[in-house]
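A.B. asks: Please model the entire structure based on the sequences and the hints provided.
Protein chains: 2
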Amino acid sequence: MLTAQAVVFSEHGEPADVLRTHTYEIDENNLDANSIIVKTVGSPVNPSDINQIQGVYPSQPERTTALGTDQPLAVCGNEGLFEILHVGSEVKNFQVGDWAVPTSVNFGTWRTHALCSEDKMMKLPNPKQSKANGKPQGLTVNQGATISVNPLTAFLMLNHYVKLEPGKDWFIQNGGNSAVGKFATQIGRILGINSISVIRDRPNLQETIEDLKTNQGATHVITEEQNNSREFTDVKKWVKETGGSIKLAMNCVGGKSSTAVARKLSPDGLMLTYGGMSYQPVILPTSLHIFKNITSAGFWVTELLKSNPQLKRDTMNQIVLWYEEGKLSDAKSVELKFDGGDLAKLYQEAVANSKNGKQLVVY
Amino acid sequence: MLTAQAVVFSEHGEPADVLRTHTYEIDENNLDANSIIVKTVGSPVNPSDINQIQGVYPSQPERTTALGTDQPLAVCGNEGLFEILHVGSEVKNFQVGDWAVPTSVNFGTWRTHALCSEDKMMKLPNPKQSKANGKPQGLTVNQGATISVNPLTAFLMLNHYVKLEPGKDWFIQNGGNSAVGKFATQIGRILGINSISVIRDRPNLQETIEDLKTNQGATHVITEEQNNSREFTDVKKWVKETGGSIKLAMNCVGGKSSTAVARKLSPDGLMLTYGGMSYQPVILPTSLHIFKNITSAGFWVTELLKSNPQLKRDTMNQIVLWYEEGKLSDAKSVELKFDGGDLAKLYQEAVANSKNGKQLVVY
Numbered sequence: 001m002l003t004a005q006a007v008v009f010s011e012h013g014e015p016a017d018v019l020r021t022h023t024y025e026i027d028e029n030n031l032d033a034n035s036i037i038v039k040t041v042g043s044p045v046n047p048s049d050i051n052q053i054q055g056v057y058p059s060q061p062e063r064t065t066a067l068g069t070d071q072p073l074a075v076c077g078n079e080g081l082f083e084i085l086h087v088g089s090e091v092k093n094f095q096v097g098d099w100a101v102p103t104s105v106n107f108g109t110w111r112t113h114a115l116c117s118e119d120k121m122m123k124l125p126n127p128k129q130s131k132a133n134g135k136p137q138g139l140t141v142n143q144g145a146t147i148s149v150n151p152l153t154a155f156l157m158l159n160h161y162v163k164l165e166p167g168k169d170w171f172i173q174n175g176g177n178s179a180v181g182k183f184a185t186q187i188g189r190i191l192g193i194n195s196i197s198v199i200r201d202r203p204n205l206q207e208t209i210e211d212l213k214t215n216q217g218a219t220h221v222i223t224e225e226q227n228n229s230r231e232f233t234d235v236k237k238w239v240k241e242t243g244g245s246i247k248l249a250m251n252c253v254g255g256k257s258s259t260a261v262a263r264k265l266s267p268d269g270l271m272l273t274y275g276g277m278s279y280q281p282v283i284l285p286t287s288l289h290i291f292k293n294i295t296s297a298g299f300w301v302t303e304l305l306k307s308n309p310q311l312k313r314d315t316m317n318q319i320v321l322w323y324e325e326g327k328l329s330d331a332k333s334v335e336l337k338f339d340g341g342d343l344a345k346l347y348q349e350a351v352a353n354s355k356n357g358k359q360l361v362v363y
Numbered sequence: 001m002l003t004a005q006a007v008v009f010s011e012h013g014e015p016a017d018v019l020r021t022h023t024y025e026i027d028e029n030n031l032d033a034n035s036i037i038v039k040t041v042g043s044p045v046n047p048s049d050i051n052q053i054q055g056v057y058p059s060q061p062e063r064t065t066a067l068g069t070d071q072p073l074a075v076c077g078n079e080g081l082f083e084i085l086h087v088g089s090e091v092k093n094f095q096v097g098d099w100a101v102p103t104s105v106n107f108g109t110w111r112t113h114a115l116c117s118e119d120k121m122m123k124l125p126n127p128k129q130s131k132a133n134g135k136p137q138g139l140t141v142n143q144g145a146t147i148s149v150n151p152l153t154a155f156l157m158l159n160h161y162v163k164l165e166p167g168k169d170w171f172i173q174n175g176g177n178s179a180v181g182k183f184a185t186q187i188g189r190i191l192g193i194n195s196i197s198v199i200r201d202r203p204n205l206q207e208t209i210e211d212l213k214t215n216q217g218a219t220h221v222i223t224e225e226q227n228n229s230r231e232f233t234d235v236k237k238w239v240k241e242t243g244g245s246i247k248l249a250m251n252c253v254g255g256k257s258s259t260a261v262a263r264k265l266s267p268d269g270l271m272l273t274y275g276g277m278s279y280q281p282v283i284l285p286t287s288l289h290i291f292k293n294i295t296s297a298g299f300w301v302t303e304l305l306k307s308n309p310q311l312k313r314d315t316m317n318q319i320v321l322w323y324e325e326g327k328l329s330d331a332k333s334v335e336l337k338f339d340g341g342d343l344a345k346l347y348q349e350a351v352a353n354s355k356n357g358k359q360l361v362v363y
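The listed protein sequences derive, respectively, from chains A and B. Yeah, the first sequence ends on 363 if you go by UniProt numbering, and it's all consecutive. Yeah, the second sequence ends on 363 if you go by UniProt numbering, and it's all consecutive.
Note that these hints are calculated values from the structure, not bench results. None of the hints are false.
Cut-off 30 Å, straight-line C-alpha distance, at most; resulting in silico cross-link-like pairs (DSSO-like, lysine-lysine):
1. Lys306(B) - Lys240(A)
2. Lys256(A) - Lys264(B)
3. Lys163(B) - Lys292(A)
4. Lys358(A) - Lys292(B)
5. Lys236(B) - Lys306(A)
6. Lys292(A) - Lys355(B)
7. Lys306(B) - Lys237(A)
8. Lys306(B) - Lys264(A)
9. Lys256(B) - Lys292(A)
10. Lys312(B) - Lys292(A)
11. Lys163(A) - Lys213(A)
12. Lys306(A) - Lys237(B)
13. Lys163(A) - Lys163(B)
14. Lys256(A) - Lys292(B)
15. Lys168(A) - Lys306(B)
16. Lys264(A) - Lys256(B)
17. Lys168(B) - Lys306(A)
18. Lys292(B) - Lys292(A)
19. Lys236(A) - Lys306(B)
20. Lys163(A) - Lys292(B)
21. Lys120(A) - Lys292(B)
C.D. replies: So this is what it looks like as structure tokens:
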């Protein structure tokens with residue numbers, strides 16, 4: 001028998017109030033033929049995980065008594081990296097020691113172990129396998145544990161909607177220093193797509209601009225003040241020089257920032273909204289819709305991939321390859337090490353620290 | 001020689017200031033083989049005609065010296081009904097007495113006569129031809145002169161983007177008592193598509209609701225107050241009863257009215273913006289984009305049909321047929337009769353009266 005811990009809630013509320021640790025047993029000696037037992041290598045705290053617990057997120061984990069409780073419980077967490085510990089007699093896709101991530105959201109990744117059917121997991125190469133395959137490097141725990149949301153969001157927004165011509169075309173994004181923003185910039189560099197990242201003014205502005213240009217590969221970085229200024233006309237000049245168009249805008253801010261990036265789109269351009277950090281709605285002048293044929297749509301990686309696991313598989317393979325080749329850098333996390341104590345307390349600490357950067361619990 | 005008058009401008013400004021009458025001659029005895037001479041039957045004053053003269057509209061007529069002037073002039077007007085007076089020796093599509101409308105915008109329809117190649121005009125049946133073809137009725141002058149903008153806008157928004165299932169699906173629109181709004185409602189009735197029209201409160205509210213429901217065929221009419229109220233939940237109930245979805249919203253108002261109609265869309269719904277009567281931008285909560293996958297796009301009949309004359313031809317044929325069968329009512333105009341005086345003065349009077357209803361100059 002394996003003793004497992006999971007961070008669970010039965011009623012919505014603030015994580016500090018409603019999370020608790022549920023301890024239960026997993027019998028590794030009576031494994032169903034198609035089942036696997038995994039142990040968690042690492043799992044992060046994402047804003048959507050917190051919103052799920054608070055009850056303000058439309059996608060929710062099922063509450064179940066499957067962990068041996070009278071009361072239905074939901075296990076927290078959507079992203080995580082797992083290692084295969086045991087495989088049932090008819091499992092085809094996994095061997096002990098393989099790495100994997102959940103096929104879908106709402107798996108419940110804030111736990112030490114999980115028992116599931118093999119189709120609930122997608123394989124990732126572990127570092128030994130990457131090396132055996134002749135790759136320059138393997139995935140880090142952080143890369144594996146945070147591959148499912150941010151890199152996929154950036155890749156799919158850039159590739160799934162609009163055809164951008166390398167060397168000519170452009171995308172523009174606000175939130176350029178966010179995790180998704182940096183992935184989009186890096187993927188733009190790899191694919192040869194020009195980028196304009198809008199960032200807020202900040203004490204270390206020049207340093208941030210330098211990082212985005214030199215390390216992430218942003219073609220240009222502008223401030224929100226420049227973004228909002230009618231006098232700032234450099235963008236037109238830059239786009240003219242490549243002979244291309246700004247066909248895509250990515251918006252995670254809303255409000256006047258969304259208006260200003262939409263204004264910079266070329267005719268027939270598309271703005272994808274994937275976040276609303278300003279808590280302001282998307283605001284679009286009527287003339288942009290009618291006379292420039294600008295379209296404004298939403299992007300939610302969860303919904304897009306729910307019905308399309310093959311798209312998730314293909315996109316993840318591409319991201320893995322770029323990590324292995326050292327072409328893509330991950331967004332750094334703050335690591336909290338699980339020491340065998342109370343798991344819920346550890347994630348509550350991680351939630352409380354979330355404002356200081358992405359928190360990753362490693363096991 | 002024919003003596004023609006045209007209403008022209010050389011510089012943008014208020015119509016009362018910049019319009020003048022240009023008188024010129026057309027030689028009907030030396031007609032090019034592919035040319036036709038038409039006389040105007042009627043042409044309306046549309047808001048976009050006024051905006052063109054003011055210089056605040058992105059589509060503009062060419063300024064030309066083709067009417068025999070030293071200074072380049074633009075002829076006003078985009079919509080109009082014409083009768084064929086003379087045909088060149090190789091003209092194939094027209095006979096004297098036929099009715100026609102311009103193939104494209106910016107033809108310059110505020111004039112008594114025009115000389116053009118036959119491809120600049122599309123044929124409409126005149127009343128004698130409709131009768132000869134066994135139709136219950138022919139087009140009126142108002143129907144022919146105003147067919148190109150409002151009925152086409154309504155038809156194409158309803159049919160060109162989203163597949164609405166008759167008897168089940170719905171569209172919602174603000175500006176429900178506008179000309180386009182009424183055409184959309186009527187076309188919805190003909191096609192069996194359920195409609196919800198949002199209208200502003202007004203002194204004769206009940207009468208207007210009754211007209212929209214009984215005469216135009218609106219399934220439901222609600223006020224902007226109801227549209228904006230979270231407590232008003234009838235829409236959900238109505239849609240549930242048919243087992244369909246609100247797949248399409250049509251917005252000509254903007255501001256909070258656009259937010260409220262977008263909120264009523266079913267998941268994956270589309271909002272088309274074709275006007276902005278409130279002078280407020282389109283405002284879309286981030287969550288509607290991300291979690292309901294609502295898309296917001298623009299509609300401009302001019303741009304859509306510019307590259308697709310066949311779509312214009314097909315759509316116009318359908319509208320003509322419904323007029324001939326008495327299934328569709330036109331939006332009434334206020335008629336001003338040209339008495340041979342100063343044409344520019346007559347259109348300036350029409351522009352000044354535009355707030356009291358659509359003005360149609362008949363010849």
